[in-house]
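Chain by chain, the residues run as shown.
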Amino acid sequence: GQQVMQIPQYQHVQEGEDFTTYCNSSTTLSNIQWYKQRPGGHPVFLIQLVKSGEVKKQKRLTFQFGEAKKNSSLHITATQTTDVGTYFCAGRSGSARQLTFGSGTQLTVLP
Amino acid sequence: NAGVTQTPKFQVLKTGQSMTLQCAQDMNHNSMYWYRQDPGMGLRLIYYSASEGTTDKGEVPNGYNVSRLNKREFSLRLESAAPSQTSVYFCASSADQGQPQHFGDGTRLSIL
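Protein sequences, first through last, are from chains A and B.
The opening residue of the first sequence carries number 66 in the numbering used here; numbering runs sequentially from there.
The opening residue of the second sequence carries number 9 in the numbering used here; numbering runs sequentially from there.
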């Protein structure tokens with residue numbers, strides 16, 4: 066079945082440092098979505114990528130979808146304490162009807 | 009708009025007891041989902057309903073049943089709770105399959 070792997074599982078950074086989480090799929094994805102979950106909260110949709118090689122930005126967040134549509138990354142520039150949480154990718158292959166979530170990267174930002 | 013509403017927020021059960029988790033959405037979405045979240049395991053799909061009147065198994069359906077009562081409501085039932093079902097349960101909805109999902113606040117369920 067479809068598998069979506071996400072690394073690293075945990076990341077601690079000093080405030081102001083950059084952060085990147087990576088998502089890799091065993092199959093080609095039709096799209097990939099990113100979600101953020103604050104501690105004690107629920108996942109909140111951030112963005113969806115559909116096209117091969119697509120890059121989207123939201124303020125300090127940059128999302129990329131690989132050329133082969135099997136990997137994706139989320140990069141945060143100059144982290145702030147408000148960035149704390151777990152970031153999940155979720156992908157859907159052409160044959161699957163539902164999203165498969167990665168296991169998430171838990172980000173801690175030290176002030 | 010409330011979005012996705014889940015009840016209850018917390019529940020403690022004894023092994024063998026049954027209960028139903030309720031979920032309702034007010035966004036006129038076609039698709040609804042039930043996930044469980046365990047530490048280090050991400051979100052695992054239990055059951056989903058692509059549209060009113062249909063339900064399908066997800067990745068981890070054993071020990072659970074669901075009912076899509078109408079377009080708004082999608083309930084999850086544990087017939088005979090087991091300690092392995094201790095988890096945080098999230099309900100979500102989306103306009104259609106594969107579209108961005110909106111999550112409820114979750115139900116924190118402990119089974120002793």
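No lab work stands behind these hints, which were simulated from the structure alone.
Just so you know, these numbers come straight off a predicted model, no measurement behind them.
Glycine included, each C-beta is placed from N, C-alpha and C at the ideal position.
Each hint should be verified, as a subset may be incorrect.
[To be verified] Here are some, though not all, of the chain B residues that point toward chain A, as calculated from beta-carbon distances under 10 Å:
hint : residue
1    : Val12
2    : Thr15
3    : Pro16
4    : Tyr43
5    : Gly50
6    : Arg52
7    : Ser102
8    : Gln105
9    : Gly106
10   : Asp113
Hints versus structure:
1. Val12: Check passed: Cβ of B/Val12 comes within 9 Å of chain A, closer than 10 Å.
2. Thr15: violated, 14 Å
3. Pro16: Check failed: Cβ of B/Pro16 comes no nearer than 15 Å to chain A, outside 10 Å.
4. Tyr43: holds, 8 Å
5. Gly50: At about 4 Å, which falls below the 10 Å cut-off, the nearest Cβ of chain A leaves the hint on B/Gly50 intact, so it holds.
6. Arg52: Holds: closest Cβ of chain A sits about 8 Å from B/Arg52, inside 10 Å.
7. Ser102: holds, 9 Å
8. Gln105: Result: holds, 6 Å to nearest chain A Cβ.
9. Gly106: holds, 5 Å
10. Asp113: At about 5 Å, which falls below the 10 Å cut-off, the nearest Cβ of chain A leaves the hint on B/Asp113 intact, so it holds.
The structure is inconsistent with the numbered hints 2, 3, although it conforms to all the rest.
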